[in-house]
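So the sequence shown is numbered by our numbering: it starts at 1 and just counts up by one.
Read the hints as simulated data drawn from the structure, not as lab findings. Heads up, some of the hints might be wrong.
Claimed, not checked - Below, simulated BS3-like cross-link-like pairs (lysine-lysine); rule was C-alpha separation at most 27 angstroms, straight line:
| # | residue 1 | residue 2 |
| --- | --- | --- |
| 1 | 582 | 64 |
| 2 | 231 | 472 |
| 3 | 511 | 488 |
| 4 | 145 | 511 |
| 5 | 511 | 210 |
| 6 | 533 | 472 |
| 7 | 598 | 654 |
| 8 | 601 | 580 |
| 9 | 279 | 131 |
| 10 | 429 | 412 |
| 11 | 91 | 136 |
| 12 | 598 | 11 |
| 13 | 601 | 491 |
| 14 | 266 | 429 |
| 15 | 217 | 672 |
| 16 | 248 | 145 |
Unchecked claim - Label pairs and their computed distance ranges (CB to CB):
| # | residue 1 | residue 2 | range |
| --- | --- | --- | --- |
| 17 | 233 | 670 | 49 to 59 angstroms |
| 18 | 331 | 81 | 42 to 52 angstroms |
| 19 | 102 | 670 | 38 to 48 angstroms |
| 20 | 673 | 220 | 32 to 42 angstroms |
| 21 | 416 | 267 | 17 to 27 angstroms |
| 22 | 571 | 154 | 17 to 27 angstroms |
| 23 | 161 | 43 | 46 to 56 angstroms |
| 24 | 574 | 161 | 49 to 59 angstroms |
| 25 | 423 | 233 | 54 to 64 angstroms |
For each residue, glycine too, the CB sits at the ideal point set by N, CA and C.
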Amino acid sequence: MGNYTLIITEKPDAAQRIAQALNNSGKVRRKEDEGIPYFLAERDGKLVVVPGLGHLYTVAEERKGRNHYPAFSFKWLPRHAVERGAKRIRKWIESISRLASNAGAFIDACDYDIEGSIIGYCLLKYACGHKEMFAKRMKYSTLTKEELEKSYGRLLPHLDFDLIEAGRARHELDWIYGVNLSRALTISARNWSGRYATLSTGRVQGPTLKFLVSREKSIRSFVPTPYWKIKAKVEIEGLVFETEFEKKKIEAEKEAFAVLGACEKKNGQIEKIDIRRFKQKPPVPFNSGGLQSEAYRLFGYTPRRTSDIAQRLYLDALISYPRTSSQRLPRVINYRQILVNLTIIAKYRNLAEELLSKSKLKPQEGRKEDPAHPAIYPTGKTPERTLDNPEKKILDLITRRFMAVFGEPATKLIVKAHINVHDHRFFLKGRQTLKKGWLRFYTPYATSEEVILPTIREGQQIKVTRVFLEDKFTRPPSRYNPGSLLRKMEKSGIGTKATRAGIIQTLYDRKYIQGKRMEVTDLGLEVLDVLDKYCPSVVSARMTSRLQIKMNEIQVNREKRQNVLIDAVEMVKPVMTRLKEKEEVIGERLSRAIRISKLEKRMVGVCPICRTGNLMILYSRKSKKRFIGCTSYFEGRCNTSFPLPQRGSVKPLKGNCPKCGWPIVQVWLRSKHPWTLCFNSDCPSKKSGRTKNEMRDM
Numbered sequence: 001m002g003n004y005t006l007i008i009t010e011k012p013d014a015a016q017r018i019a020q021a022l023n024n025s026g027k028v029r030r031k032e033d034e035g036i037p038y039f040l041a042e043r044d045g046k047l048v049v050v051p052g053l054g055h056l057y058t059v060a061e062e063r064k065g066r067n068h069y070p071a072f073s074f075k076w077l078p079r080h081a082v083e084r085g086a087k088r089i090r091k092w093i094e095s096i097s098r099l100a101s102n103a104g105a106f107i108d109a110c111d112y113d114i115e116g117s118i119i120g121y122c123l124l125k126y127a128c129g130h131k132e133m134f135a136k137r138m139k140y141s142t143l144t145k146e147e148l149e150k151s152y153g154r155l156l157p158h159l160d161f162d163l164i165e166a167g168r169a170r171h172e173l174d175w176i177y178g179v180n181l182s183r184a185l186t187i188s189a190r191n192w193s194g195r196y197a198t199l200s201t202g203r204v205q206g207p208t209l210k211f212l213v214s215r216e217k218s219i220r221s222f223v224p225t226p227y228w229k230i231k232a233k234v235e236i237e238g239l240v241f242e243t244e245f246e247k248k249k250i251e252a253e254k255e256a257f258a259v260l261g262a263c264e265k266k267n268g269q270i271e272k273i274d275i276r277r278f279k280q281k282p283p284v285p286f287n288s289g290g291l292q293s294e295a296y297r298l299f300g301y302t303p304r305r306t307s308d309i310a311q312r313l314y315l316d317a318l319i320s321y322p323r324t325s326s327q328r329l330p331r332v333i334n335y336r337q338i339l340v341n342l343t344i345i346a347k348y349r350n351l352a353e354e355l356l357s358k359s360k361l362k363p364q365e366g367r368k369e370d371p372a373h374p375a376i377y378p379t380g381k382t383p384e385r386t387l388d389n390p391e392k393k394i395l396d397l398i399t400r401r402f403m404a405v406f407g408e409p410a411t412k413l414i415v416k417a418h419i420n421v422h423d424h425r426f427f428l429k430g431r432q433t434l435k436k437g438w439l440r441f442y443t444p445y446a447t448s449e450e451v452i453l454p455t456i457r458e459g460q461q462i463k464v465t466r467v468f469l470e471d472k473f474t475r476p477p478s479r480y481n482p483g484s485l486l487r488k489m490e491k492s493g494i495g496t497k498a499t500r501a502g503i504i505q506t507l508y509d510r511k512y513i514q515g516k517r518m519e520v521t522d523l524g525l526e527v528l529d530v531l532d533k534y535c536p537s538v539v540s541a542r543m544t545s546r547l548q549i550k551m552n553e554i555q556v557n558r559e560k561r562q563n564v565l566i567d568a569v570e571m572v573k574p575v576m577t578r579l580k581e582k583e584e585v586i587g588e589r590l591s592r593a594i595r596i597s598k599l600e601k602r603m604v605g606v607c608p609i610c611r612t613g614n615l616m617i618l619y620s621r622k623s624k625k626r627f628i629g630c631t632s633y634f635e636g637r638c639n640t641s642f643p644l645p646q647r648g649s650v651k652p653l654k655g656n657c658p659k660c661g662w663p664i665v666q667v668w669l670r671s672k673h674p675w676t677l678c679f680n681s682d683c684p685s686k687k688s689g690r691t692k693n694e695m696r697d698m
C-alpha cells in the first residue's frame with residue numbers, strides 16, 4: 001500500500017494552485033521527474049499533485065495508415081503514438097505512471113466538465129493502471145483556496161461516469177464522422193491530382209459551413225432595388241431635430257418626389273404625442289457563448305481568443321470556470337463575499353459598496369442551466385501577476401457584468417411626436433434614461449443613445465427648416481461574424497460550449513472562410529457543394545442536433561453510448577459508399593478548387609502598368625527568391641516586377657493604396673508589427689522613394 005494520495009489535475013498551473021491551497025504544513029515543494037513537474041503537500045497525510053497537459057490520450061484507428069476509408073474500428077491511445085510532434089507526451093505519461101505505482105489513493109481534480117472528466121478518466125485508466133474505479137472526485141468552480149479546501153473536504157466518492165460516457169461518445173462520434181469524411185475528401189483530391197492537401201469536415205464543421213455558405217449564396221445572388229426615405233429637419237426652441245416620414249420606405253420615385261414637393265416650405269403641427277415609460281431589466285450573467293459574443297462585439301476578439309484569455313484568468317483564480325452553459329448564480333458562491341473582495345479594488349469600490357448596502361442581493365438570471373458549473377463570475381481576488389491588456393479587458397467585462405446583474409432595472413422614457421406637414425406625417429422621437437439602475441454598473445459596456453426633447457404639446461406649431469430625400473438601395477443580408485455565428489450554432493444546438501470556438505477557427509485554418517466578416521472562399525463553397533450533393537445528411541444541422549441531444553441523454557443515464565455509436569456507424573456507412581462511387585468526380589472538383597485557392601492566395605491585383613495582367617507573388621527558380629510579377633509576362637506582353645522582403649510572410653490585401661491606387665500587400669516579420677507595402681515608388685505617401693521598412697531584406 002502506498003504512502004501518499006495522488007491528485008491528478010488538468011494543467012500545471014491548476015496543480016500548483018491545488019497543492020498550495022491544500023497544503024497545511026510548511027511550503028509546497030515543486031519536484032520534477034525527467035522535466036515533468038509535480039508538487040508535494042501535506043494535509044492529513046502526504047499529497048502528490050501531478051498535472052496532465054490537457055488531453056494526453058485520443059481516439060485512433062486500430063489499423064495503421066491513413067490512406068483508406070471507411071474506418072470504424074478505433075481505440076484510445078496516447079497522443080504520442082498517433083500524432084507527430086507529440087513526443088513529449090510519452091515522458092509525461094511515464095512520469096504519471098511512476099508516481100501512480102507508489103500511491104495508495106487517487107483523486108481526480110481535473111475540471112468538472114466533459115473534457116476534464118475524460119482527461120482524468122484516461123489518466124487513471126491507462127497511465128495509473130485501471131484506478132478509475134477506485135478514485136474519488138473533486139468538484140469546484142474556482143481555483144481559490146477557500147473553494148478548493150471545501151471541495152477536498154467534500155470529495156465525491158467516485159468519478160462522474162455518466163459525464164465520462166458522454167465525453168467518450170462525443171470524441172468517438174467526432175472521430176467516426178471526422179476521420180471518414182475528411183479522408184474521403186482528401187484522398188479523392190490527392191488521387192485525382194497527385195498532390196496532397198488537407199481537407200476536413202465533421203459532424204459539426206459541416207453544418208456550420210453550411211450556415212455560412214447559405215448566407216454567402218444569398219449575398220451573391222442578391223439584386224439591390226432602389227427605394228427612397230424622406231426626412232425633415234425641424235426647429236424647436238432653437239434646437240434642430242431630424243424626423244422620419246411615416247412610411248419607412250417609398251419604393252416609387254414618383255411618390256417620393258410628390259411628398260417632397262407637397263412638404264417643402266411648409267410648417268407642421270404636433271397632432272399627437274405618445275409617451276412610453278418602461279423598465280429595462282439587468283442583463284443575465286455570462287455563460288461561455290455570452291462572454292465570447294460580447295467580447296467580439298466590444299473588442300473584436302474571436303471566440304477562440306476570448307476562450308483562451310478566460311482560461312488564463314481561471315487558472316489565476318480570478319474568475320470561475322469559463323466553459324459553462326449556465327446563466328445562473330447560486331447563493332452558494334457567496335455574493336456578498338465576492339463584493340467585499342471587490343471593494344479592495346479602487347475602481348470597483350463605490351459600486352460594490354452600493355450593492356452591499358442592499359438588504360437583499362438577488363441576481364437577474366437566465367433560463368440556461370449547467371449541472372456542473374454556475375455562470376461565469378469574478379472571484380474578486382487581486383491578480384498575483386501583471387495582466388496584459390486583453391486580460392484586463394475580459395476581467396473588467398466579467399466583473400462589471402457580475403455587478404450589473406444585481407442592479408435595479410433602468411427606467412427609460414420614449415417620446416414620439418406625430419407632426420402633420422401638409423397632411424403628411426413625420427415622427428419626432430426622443431429617448432431619455434430617467435434612472436440608470438444597472439447601467440451604471442455596466443458602464444462603459446452598456447451604451448444608450450439619448451435624444452432629449454424640449455417641452456412640447458399637442459397642437460404646437462413646428463418650424464420645418466428642411467425636407468429632403470435619401471436615395472437608398474436594399475442591402476443583402478449581413479455576413480456572419482464570429483460572434484453571430486457562435487449564437488447561430490448555439491441556437492441550432494450544434495457543438496458544445498467547449499468546441500464551438502475551435503470549430504470556427506478550423507474553418508479559417510482550412511481556408512474555407514476569410515476575414516472578420518466571414519466570406520466563404522471558393523474552396524469552402526466547393527467543399528460544401530460536394531457534401532450537400534452527395535451526402536446531405538452530414539451537413540444537416542438537424543442531424544447534428546439530434547446527436548447532441550442523444551449525448552445529453554447519455555450524460556443523465558437515459559441513453560447508452562454503445563447504442564449512439566452503432567446508430568452513427570449505420571448512418572455513415574451509406575455516405576462512405578456514395579463518396580467512394582463518386583470519388584473521381586469529387587476529386588476533380590476539389591482539386592480544381594484547391595488550385596484556384598492557392599492562386600488566389602498569391603494574387604495581388606491588376607497590374608497598374610499594362611492593365612491586362614494580374615500581379616502575383618512568384619518564385620524565381622534561379623535565385624530562389626520571391627517577387628511580384630505580372631501574369632502577362634508569360635505571354636510576352638509585360639515585364640513588370642517588384643522585389644519583396646525575403647523573410648516573414650507576405651499577404652495580398654484586398655483593395656488598393658488609398659494614396660495612389662496601386663495594389664498593396666501586408667508584410668509580417670516575426671516579432672514585428674505587420675506593415676503595408678505599396679509598390680509605387682512615386683506614391684505620395686513616400687517622401688523619398690521606398691521607406692526603410694520596405695527595403696529591409698529585399
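* Given the hint of 54 to 64 angstroms, check if residue 423 and residue 233 actually sit that far apart at their C-beta atoms. => With a Cβ separation near 19 angstroms, residue 423 and residue 233 fall outside 54 to 64 angstroms, so the hint is violated.
Are residue 279 and residue 131 close enough, with their CA atoms no more than 27 angstroms apart? violated (56 angstroms)
Tell me if the beta carbons of residue 574 and residue 161 are separated by a distance inside 49 to 59 angstroms.
The hinted range 49 to 59 angstroms is violated for residue 574 and residue 161, with Cβ atoms some 33 angstroms apart.
Residue 582 and residue 64 were given as a pair; does the straight-line alpha-carbon distance stay at or below 27 angstroms? holds (25 angstroms)
Notebook entry, point to check: Given the hinted pair residue 511 and residue 488, is their alpha-carbon gap at most 27 angstroms?
Noted result: holds (21 angstroms)
For the pair supplied as a hint, residue 217 and residue 672, is the alpha-carbon distance within the 27 angstroms limit?
violated (38 angstroms)
27 angstroms limit on alpha-carbon distance, applied to hinted pair residue 511 and residue 210
holds (15 angstroms)
Between residue 598 and residue 654, does the CA-CA distance stay at or below 27 angstroms? Satisfied, since the Cα-Cα distance of roughly 16 angstroms is no more than 27 angstroms.
Would the pair residue 145 and residue 511 pass a check requiring their Cα atoms to be no farther apart than 27 angstroms?
violated (44 angstroms)
Inset, instruction - Can you let me know if the beta-carbon spacing of residue 416 and residue 267 is within 17 to 27 angstroms? - result: Roughly 20 angstroms apart at Cβ, these two residues keep to the hinted range, so it holds.
Can the restraint linking residue 266 and residue 429 be considered satisfied, given a maximum Cα separation of 27 angstroms?
-> Distance ~20 angstroms between residue 266 and residue 429 Cα, so the pair holds.
Under the criterion that the straight-line Cα-Cα distance not exceed 27 angstroms, is the pair residue 601, residue 491 satisfied?
violated (34 angstroms)
Figure legend: structure checked against the earlier numbered hints; hints not met, in rising order: 4, 6, 8, 9, 12, 13, 15, 16, 22, 23, 24 and 25.
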